[in-house]
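Engineer: Read off the chains here:
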Amino acid sequence: MIDRNTAPPTQKIQSIEFICPQTIEINSTVKLLWVKNVPNETSRIDLYYNAGLRNGRNIIASLCSSLLLSGTKDKSTTEIHKQIDQLGAFFDIGLSHEGVMISIFALKENIFEAFCIINEAIQCAVFPDKEISEKIRVKKEKHKINFGRVGFLAQRKFQEKIFYNSPYSELTNLEDFDNISKNELIEFHENFFQKGLFKVAVVGNIKESEIDSIISKCKDSCIDKPLEYYSAFDNFSGVFHEEKKSAVQSAIRIGKTLFNKTHADFFDFSILNTVLGDYFGSRLMKNIREDKGYTYGIGSAVVETGSSGYFIIGSEVGIKHRESTLKEVKSELENLCSTEMSHKELELVKNYLLGQMLKAADGPYAMMDLFLSVDTYDLKMNFYNEYIERIHQIDTKEIISISQKYLKWDTMSVISVG
Amino acid sequence: MVSFERYKLKNGLTVLLHHDKTTPMVVVNTLYDVGARDENENKTGFAHLFEHLMFGGSVNISDFDKELQKAGGESNAFTSNDVTNYYDIVPAQNIETALWLESDRMLSLAFTDKSLEVQRNVVIEEFKQRYLNQPYGDVWLELRPLAYEKHPYKWATIGKDIAHIENANMDDVKSFFKKYYCPVNAILCIAGNYDESGIKSIIEKYYGSIPGGKRPSRLNPAEPKQNSFKTKTIYRDVPSNAFYYAFKMGPRKSSDYYIGDIMSDALGKDNSSILNIALKKELELVTEINAFITGSLDDGLFIISGKLADGVDFNDLDKALWGQLDEIKKIGINNDKLESLKNKINTAKAFQEQGLLNRSINLSFFELLGDANGVNEEGFIYQKISGNDLILFASDVLIRNNCSLLKVAINDR
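Those protein sequence lines, which keep their order, are chains E and D. Residue 255 in my numbering sits at position 185 of the first sequence, with consecutive numbering throughout. Residue 1274 in my numbering sits at position 131 of the second sequence, with consecutive numbering throughout.
Think of the hints as simulated: they come from the structure by calculation, not from any bench. None of the values given here were measured: they were computed from a predicted structure. Everything hinted at is true.
Taking lysine-lysine pairs in the DSS-like style, the calculated list, with each CA pair at most 30 Å apart, reads:
1) K214/E <-> K1375/D
2) K1424/D <-> K212/E
3) K414/E <-> K1209/D
4) K212/E <-> K1303/D
5) K1492/D <-> K277/E
6) K1485/D <-> K145/E
7) K1303/D <-> K362/E
8) K1209/D <-> K356/E
9) K212/E <-> K1550/D
10) K252/E <-> K1424/D
11) K1550/D <-> K210/E
12) K1297/D <-> K212/E
13) K1480/D <-> K152/E
14) K152/E <-> K1412/D
15) K1164/D <-> K450/E
16) K1209/D <-> K331/E
17) K1209/D <-> K467/E
18) K214/E <-> K1303/D
19) K1424/D <-> K209/E
20) K356/E <-> K1317/D
21) K152/E <-> K1485/D
22) K1186/D <-> K362/E
23) K212/E <-> K1375/D
24) K82/E <-> K1348/D
25) K1424/D <-> K143/E
26) K1462/D <-> K210/E
27) K1303/D <-> K314/E
28) K400/E <-> K1209/D
29) K1424/D <-> K152/E
Please take these sequences and the hints and turn them into a complete structure.
Structural biologist: Structure (structure tokens):
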């Protein structure tokens, strides 16, 4: 008979091998990163442009990135999409405050050609009037739908408070959609796409000669001096509630200005964040979901920006549980500041984090993503070995001191909508 | 090519092994052959509520997640109208922890009142978050009973009424477990970098002694053939009018599934699809239009949905949409377009198979369909589809008498 009451022995993860991509300079500022060793036929190319929301009015940055494949002098948008389809390729465009990332996915035999079509479309975009007006209609519609979501409304309000009085606090409003000039779009495109490429990442077992061609095709659109990012964020703290009559749930966002990977407290805070709200057994999940049943989910995260970052807790809870949830979150934060956690709990979090780290390093795509996530801050792959070491070493007293330093309730911006 | 080995334990549990030495992880995937279609019409939402309870402690282990996290692993699950699927992702060296946990909850649950009470509340909040507190969130709660009259697909996985979840009691929980959560009704797939020489004996150790149980019979009423067009309009506080055309189509195992999949891509998957070009770009009738299939194990649905542009009437869209569908029944889809769609399916499949978790879920799902090797065969099935297959499908499925139309109209009151 087996003993089902006793857990089988487990082995702790001691170290993980992190493999750097190959780095090739396109110019003195811009690099192409390449992970060549892929055990299957897939491949991906990411193009990073300095064309984020921070570079202009939100509406212009957002329209510009979504109209990149809307047509050139020689090709209509439909023709461009047809050519991409024929190669069986996919692409994805992501926009943030600090950049636009275009990812191209295809089998390795087609990825170079797909890159050529997309790169040319981006560089030679002419923004036909008809495409602009269609995109405005579609985007305006989506915006209206979003206004019906408490999560969206709370995120807006949160953004206003977390980026208070900074260039990142601008919000898009419906009237912005009626105030767009084509010239503004063209100018944005010239400044930030035709002269804004700041990184290229390639995963895939493609030919050296194709890498060379990618480099030569990218050269002219690269930036020539390093980017600088705004860093003087300071969140506007306090408790803010917005009523929404028809809502059956309230969206909650709580957070404060923090930092990114370059900060000395980053490791400790990341571990603390996991304890608080970044896994299924976290304090917040255990209390607010698994004990009280107020919500389907609650979590916390550290979000990084180029020179700063912020901390956020988010959830959607039943209307009648809003006040109790805020009270419970507050008491969880206070508890971490005042009471030493058990060694058992910290041990569990350590094991969990190490397992997650192992998973995050599984395969060529994961390895590239890990590298990109440190390279942004001019850090090296060794960052992760140091993190693993810190996970092994940190003790329960250090968790208290990091909590006391950063989790004071009255420093938080507390938002609820619904 | 996804290689695998299949065998059965004496108690009837089907085991699939997929070894991959390039990963440091292992996935333990368990698929139970039970979904919302197995529920009693007066107790809907139960299969999904039960999925939540599976994390509330088993007969010998009080906290599932905690033990798995201690081993560096994580876990989740999903329920559909057809199946309930659980997976654990752990560092390969700690595979035994996952087997210990998964097998114990197959053996029996703790059945605590606290767990039932809390998960009822959690699921009610999930119901609100996903279905009630979103613009257009309740569409599937309305569309299913419009399209299906007899078959249990007429209710959504979350259930047709919050009251059903509120009323779930411990007797229901116990009998549901007894009936569906047993080795004969499950498929276990282990994928990743496990130790090949010891894997079978360790599976035997944890699962061999669980009583096999009896394969539950499934007597779902067949959905009668639809003979006339159905339509319903609901009024909601939404920013624009939305439409959902639902056509009945064949089950997952029929060729309808593959042809319908390609047809839906052709009509409305992305910017260069037929309906996007005709109705959005050229006629400017809609701000959004999509086509997709539900891929259900029993007779499924082919859906065309979208939102009307400002000032456009439902009837204008209706006329133009049927015009497009009739055109396809006559001339089909050109060969270049068909080739492009097949190429995209190829690429998507290659990326999907990159992920260990996807591979293990797919193997389990195809095994449920009859043969895990279907994973390796479906690519060929797609490649063989011809223009004529698409014309036949359109003429057979995309017709008015086979259609249920749900309109969500702006509430002016």
